[in-house]
Amino acid sequence: MINFNYETDFVLNNEEAFESWLSAVILSENKKEGEISYIFCDDDYLHKINVEYLNHDTLTDIISFDYTVGNELNGDIFVSVERVRDNALDFNVPFENELKRVLAHGILHYCGYKDKSDTEAALMRFKEEEKIAMFHVEL
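One gets the numbering used here by counting positions in the sequence shown from 1 and adding 3 to each.
I should point out that these hints are in silico values taken from the structure, not numbers from a laboratory.
As the structure is a prediction and not an experimental result, all values here were calculated from the model.
Restraint ranges, calculated between C-beta atoms of paired labels, are given here:
hint, residue 1, residue 2, range
1, N74, D47, 29 to 39 Å
2, E19, S120, 34 to 44 Å
3, L30, D60, 32 to 42 Å
Below, in silico cross-link-like pairs of lysine to any residue (SDA-like), each with a Cα-Cα straight-line distance of 20 Å or less:
hint, residue 1, residue 2
4, K117, E132
5, K51, G78
6, K34, N74
Beta carbons are placed, not taken as given, at the ideal position from N, Cα and C, and that holds for glycine.
Using the sequences provided together with the hints, build the complete structure.
Following this line, the structure appears as structure tokens:
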């Protein structure tokens, strides 16, 4: 089950389409869908989590807490809508595309993909693009 929660004034349009897409992303990686919660928030909210739980005093677009058991994906994925908007401007892409990239990114981490080395990051970017292409509903 995929849940969307809001700690900011942002609201995801067409939650059902996103839920279906994310479920398909999980299946495409031969994983089972457990309970995944997306929490949309602002920079301050996510910065506090980054400092408290990861000891990183930086802004970030996403933090995921992975509770996966075996092949069943479970976890909490925090997304800073402010960071996603800024990154969309920086990368010169539509906000919706950057949001999809970040949402898929969290799932891909749960599937075992990393992004610390250049090689890992290149594979992560490839998989993100592959998953974004699976989304067939416009916002």
